[in-house]
Amino acid sequence: MTISLKVRVGGFIALVFTVLAVLCSLFFASTSRRSLEREVRARGTALSEALARAIDESLAAENLNLIKQVEDIVHSDDAVLVQVFSTLWLGVAAVPNEQLNEPPDAAAVEHFKRKEGPATFVVTADRWTDIYTPVLLDPHDARIRKMLIGYIRLRISDVEARRTINRAVFATIGFAAVLSLIAMFVLNAIIGKSVLRPVLDLHQAILRHKQGEFPAAVKLAGAQELRELSAEFNRMSSALREREERLADEKERLAVTLRSIGDGVIVTDVEGRVTLLNRVAEQYTGWTTPEASGRLLPEVFAIVSETTGEPHPNLVEKVVRTGQIEELANHTILKKRGGGEMAIEDSAAPIRDRTSQTIGVVIVFRDMTEKRRMEEELLNAEKLRSVGLLAGGLAHDFNNLLTGIVGNVTLAKLYLPADSKAFERLSEAEQATRRATDLTHQLLTFAKGGAPIRKVASVLGILEESARFILSGTNVAAEFNFHPELWCVEVDAGQMSQVFNNLILNAVQAMPNGGKIWIDVSNAVLADGDVPTLREGAYVRIAIRDEGTGIPAEHLPRIFDPYFTTKQKGSGLGLASSYAVVERHDGHITVESPPGLGTTFIIHLPSSGKNAAALSTGEQDVAVGHGRVLVMDDEEIVRQIAGEMLAALGYEVALVRNGQEAIESYLRAREELRPFDVVIMDLTIPGEMGGKEAIAGLLAIDPQVKAIVSSGYSNDAIMADYRAFGFKGVITKPYGLKSLSQTLRDVLHA
Amino acid sequence: MSTVVRRALGFIVLLALGSPAVLCAQSLTGSGCSVSVPGYLKDLAREYEKRTGVRMVVLGGGSVRGLNDLAEGRTDFAASCQSKTAEDPEDFEYHIASWDALVFIVNKANPISDITLEQVRAIYEGHINNWKQLGGPDLALISVITSPKVGGGIVEALAKYVLNGKRPTEQKNSTMQTSSPAIWEQIVEEMPEGFASTGFGSARKRAVKMLTVGGVAPTKENIVSGRYPLRRPLFIVVKKNARPETRKFIDFTLGPTGQALISSFGMPSLTDVK
Numbered sequence: 003m004t005i006s007l008k009v010r011v012g013g014f015i016a017l018v019f020t021v022l023a024v025l026c027s028l029f030f031a032s033t034s035r036r037s038l039e040r041e042v043r044a045r046g047t048a049l050s051e052a053l054a055r056a057i058d059e060s061l062a063a064e065n066l067n068l069i070k071q072v073e074d075i076v077h078s079d080d081a082v083l084v085q086v087f088s089t090l091w092l093g094v095a096a097v098p099n100e101q102l103n104e105p106p107d108a109a110a111v112e113h114f115k116r117k118e119g120p121a122t123f124v125v126t127a128d129r130w131t132d133i134y135t136p137v138l139l140d141p142h143d144a145r146i147r148k149m150l151i152g153y154i155r156l157r158i159s160d161v162e163a164r165r166t167i168n169r170a171v172f173a174t175i176g177f178a179a180v181l182s183l184i185a186m187f188v189l190n191a192i193i194g195k196s197v198l199r200p201v202l203d204l205h206q207a208i209l210r211h212k213q214g215e216f217p218a219a220v221k222l223a224g225a226q227e228l229r230e231l232s233a234e235f236n237r238m239s240s241a242l243r244e245r246e247e248r249l250a251d252e253k254e255r256l257a258v259t260l261r262s263i264g265d266g267v268i269v270t271d272v273e274g275r276v277t278l279l280n281r282v283a284e285q286y287t288g289w290t291t292p293e294a295s296g297r298l299l300p301e302v303f304a305i306v307s308e309t310t311g312e313p314h315p316n317l318v319e320k321v322v323r324t325g326q327i328e329e330l331a332n333h334t335i336l337k338k339r340g341g342g343e344m345a346i347e348d349s350a351a352p353i354r355d356r357t358s359q360t361i362g363v364v365i366v367f368r369d370m371t372e373k374r375r376m377e378e379e380l381l382n383a384e385k386l387r388s389v390g391l392l393a394g395g396l397a398h399d400f401n402n403l404l405t406g407i408v409g410n411v412t413l414a415k416l417y418l419p420a421d422s423k424a425f426e427r428l429s430e431a432e433q434a435t436r437r438a439t440d441l442t443h444q445l446l447t448f449a450k451g452g453a454p455i456r457k458v459a460s461v462l463g464i465l466e467e468s469a470r471f472i473l474s475g476t477n478v479a480a481e482f483n484f485h486p487e488l489w490c491v492e493v494d495a496g497q498m499s500q501v502f503n504n505l506i507l508n509a510v511q512a513m514p515n516g517g518k519i520w521i522d523v524s525n526a527v528l529a530d531g532d533v534p535t536l537r538e539g540a541y542v543r544i545a546i547r548d549e550g551t552g553i554p555a556e557h558l559p560r561i562f563d564p565y566f567t568t569k570q571k572g573s574g575l576g577l578a579s580s581y582a583v584v585e586r587h588d589g590h591i592t593v594e595s596p597p598g599l600g601t602t603f604i605i606h607l608p609s610s611g612k613n614a615a616a617l618s619t620g621e622q623d624v625a626v627g628h629g630r631v632l633v634m635d636d637e638e639i640v641r642q643i644a645g646e647m648l649a650a651l652g653y654e655v656a657l658v659r660n661g662q663e664a665i666e667s668y669l670r671a672r673e674e675l676r677p678f679d680v681v682i683m684d685l686t687i688p689g690e691m692g693g694k695e696a697i698a699g700l701l702a703i704d705p706q707v708k709a710i711v712s713s714g715y716s717n718d719a720i721m722a723d724y725r726a727f728g729f730k731g732v733i734t735k736p737y738g739l740k741s742l743s744q745t746l747r748d749v750l751h752a
Numbered sequence: 168m169s170t171v172v173r174r175a176l177g178f179i180v181l182l183a184l185g186s187p188a189v190l191c192a193q194s195l196t197g198s199g200c201s202v203s204v205p206g207y208l209k210d211l212a213r214e215y216e217k218r219t220g221v222r223m224v225v226l227g228g229g230s231v232r233g234l235n236d237l238a239e240g241r242t243d244f245a246a247s248c249q250s251k252t253a254e255d256p257e258d259f260e261y262h263i264a265s266w267d268a269l270v271f272i273v274n275k276a277n278p279i280s281d282i283t284l285e286q287v288r289a290i291y292e293g294h295i296n297n298w299k300q301l302g303g304p305d306l307a308l309i310s311v312i313t314s315p316k317v318g319g320g321i322v323e324a325l326a327k328y329v330l331n332g333k334r335p336t337e338q339k340n341s342t343m344q345t346s347s348p349a350i351w352e353q354i355v356e357e358m359p360e361g362f363a364s365t366g367f368g369s370a371r372k373r374a375v376k377m378l379t380v381g382g383v384a385p386t387k388e389n390i391v392s393g394r395y396p397l398r399r400p401l402f403i404v405v406k407k408n409a410r411p412e413t414r415k416f417i418d419f420t421l422g423p424t425g426q427a428l429i430s431s432f433g434m435p436s437l438t439d440v441k
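The listed protein sequences correspond, in order, to chains A and B. Heads up, the first sequence is in this note's numbering, so the first residue is 3 and it goes up one at a time. Heads up, the second sequence is in this note's numbering, so the first residue is 168 and it goes up one at a time.
Because the hints were derived from the structure by calculation, they are not lab data. Each hint should be verified, as a subset may be incorrect.
To be verified - Derived lysine-lysine pairs resembling BS3-like cross-links, with alpha carbons at most 25 Å apart:
| no. | chain 1 | residue 1 | chain 2 | residue 2 |
| --- | --- | --- | --- | --- |
| 1 | B | 372 | A | 148 |
| 2 | A | 70 | B | 327 |
| 3 | A | 148 | B | 339 |
| 4 | B | 209 | B | 339 |
| 5 | B | 275 | A | 148 |
| 6 | A | 115 | B | 251 |
| 7 | B | 415 | B | 441 |
| 8 | B | 251 | B | 339 |
Chain A with its partners taken away, still in its complex shape (with noise of 0.2 Å):
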């Protein structure tokens, strides 16, 4: 058992006070006692020796006054026994009489019978003090000396005495008590300002330091040293209480740290019970902390194999048994509680202490959901871009092709009066072509995503055309609504119809059982922060809404997410697309689906302000021209039909094969003084210079060149921005008549 030390300093002084009163008690008794034992011997003495004075006659004649007198001797205080002996020791009177025959000491005796020493003899014994003392005889005759007649023996109680010691003893120690008392106060009291006081706040201190409380200040009093102390300790406590916020922010942020993981993590004693989750582990495994503490570990993590659907061995076991940090094999599933699974990856590893003992075991985990869904989003596009790539190379290949087809039926048209029935066929063959063109496009474009190859164009007529391309064979019907005087918008006319294909299809796909679809076109003027990410400006506004099923609000931030779809067989890049293209364009896509009320899908696209009316009647004709053109194209067909449509519009027609023999035929032509007005050049050709590099060597020869660029796809940048390479136009093949004439004489007149 621990004393306290007010205790332990109370009782010692309290000891040191007792055992001073007692000695002092003791010594006092001492000396009292002898003082005492003094005092009755000298009084017993004198006592004696009156009554042997008194009783000389009477004992002489041994009358009966001798007893008288001998009672009043006894009578006083403590005389218990007075004897009156006659010379030879016999005893002639006693009070109390009964012990009148009690014999005299031996050594009384004897003292007397040598008739020297002191007159009187004293026997101390236990209890009492026995003094002897001759009586003489004096015959008041100077003739006649005193004579022995007899001896008293007075027994002088000590009992009485001792009392008196005893009483005054313990008056003394009473005494010394009281003055411990007081001393004991006056000294605790002193003692307590002085060094109590102070150890006891500094203990007091310590106890709450050690139930982690900081209390304030331990005040300076008492002794010098304790003033000392207590300050030394103040400023330990100070530095103590500095370290342990620091380790509590340090573990704050640890624990905050740990919680914000965006992985699972999991810590278990090495009895594998669990002891603590971050969020995402409780996330995933649907326990919490406190629900999950001192449960072990298989209970909270469940997980198996997510090919045999065995239940996995137990993680701390191993960990703690090998010391290694235990990687989980792939296909883990992580059963969740309350139901629910979740694909993870997780590792196991010890945790260990300063003496790189195992304490735990830290598991940390991640949702492989999502990974394992973007592997095969990648996969997917991976596979995209293959068909991309064959989609290109087929588009190539299939554009020269309609190249072919579409020059020779316009130019078949040429040649029969356009009431004819083969003209009717024709045209409607041209009509397929160009779908198949169409088809080619959005097939490039939804491989690869070109830069779109903008030109000056309506909306209208594009949405149109999608519009019938798109509704044909359903029971949707769409209704326009546009502005007359419309304006004009520089736009990849492939890109844009894809957009309006993909925006209209939802649109069916959203009204199953049909429906109609409404398309407003109209110009828009907007300001700053009218729409977002679009600066100030002319726009054209598209708004195509249906009236279908709507799109859930949770869906709507995610639409346009590439991958997202909601439909069991989409590929989740048609609304992707469409927005990569109007971004592309400088544009901005946006969807309202107010619930109920179908979806609006609007777009704004940047206007040049121009009136699109005029733009489009232009466009229809076929321009007839003259001058001397140069073709260089590595495909016959397309030589070919290239050379017999500018034949037909009127122009001088050379074909090259590639970018060599343009450049020499084209320097030749020079030196002839008959040169090219146009040259008309294919981007690439496998093996060999295109119209990439040869327009190097004829801006070389002639800076004034003017030449047009040709391709079956968009994907290189110089389609979409031709003239920073010195081209002076562009014609995406196939073209027929019409393209070709225009662009023509847009470059010939400008």
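Here the structure of chain A is known, so what remains is to put chain B in place on it, guided by the hints.
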């Protein structure tokens, strides 16, 4: 506690018993003649006490004192060796309890062993004051006497047998002491010069020399036979209205057992003398 109380009570009882002033049924007190008390009375009382259980306290002091004690009621009986006098209270009853004789004593160191009544008279009349006068050493003779006014049994006997009816008066050779032969005897015991008259009963118990008178030694036989001439009675005195207990003791003393005991103590009993 009870022990203390018992002791205290016992102490009170003892005080009561020891005090002659308190006369209780179980105790008898007597005092008086310094010859009778040591001569026979103390021994007899002890015997009586032994036989009856009655506590007996007997002390000396001289006949005068004994009679005084009795008269004052301090005692139940008195021992006396002087005859009834006119001054005695009416109710005193005198009984002769034993016989004794007047004897003359000297210090044991004194070579003198015989004396005549004339010589005794001469001493008391102050004519002899040195032992040389009696054929002894040249040593002052100091005769122990008491005041003639006080008297006592021995004074009475001296007056009767030696001094022709007169009592010894103070002389140059005398020393006046209290009227107790016990003191006189002790002075003589102690003092080589000493001379005193006393009774046979007590003198024989002292370390003194009893002088023959005219060649006749004071022995029991001589006293009983009358060859020793100075025979005298020893009285025991009670009040007429004495308590039955006292009476019993007197009866015992005077009766055959008492007398036989007295004789056995070496005293000439009543029966011896008859």
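Between the alpha carbons of residue 148/A and residue 339/B, is the straight-line distance 25 Å or under? Since the Cα atoms of residue 148/A and residue 339/B sit roughly 20 Å apart, the hinted pair holds (cutoff 25 Å).
Are residue 251/B and residue 339/B close enough, with their CA atoms no more than 25 Å apart? 32 Å, violated
Residue 115/A paired with residue 251/B [C-alpha distance capped at 25 Å]: 44 Å, violated
Measure nothing beyond the straight line between the CA atoms of residue 275/B and residue 148/A; if it is 25 Å or shorter, mark the hint as holding. 18 Å, holds
Please verify whether residue 209/B and residue 339/B have alpha carbons no more than 25 Å apart. 36 Å, violated
Verify the proposed pairing of residue 70/A with residue 327/B, using a straight-line Cα cut of 25 Å. 35 Å, violated
Going straight from one Cα to the other, do residue 415/B and residue 441/B come out at no more than 25 Å? 24 Å, holds
Please work out if residue 372/B and residue 148/A have their alpha carbons no farther apart than 25 Å. 21 Å, holds
Violated hints, in rising order: 2, 4, 6, 8; the structure is consistent with all others.
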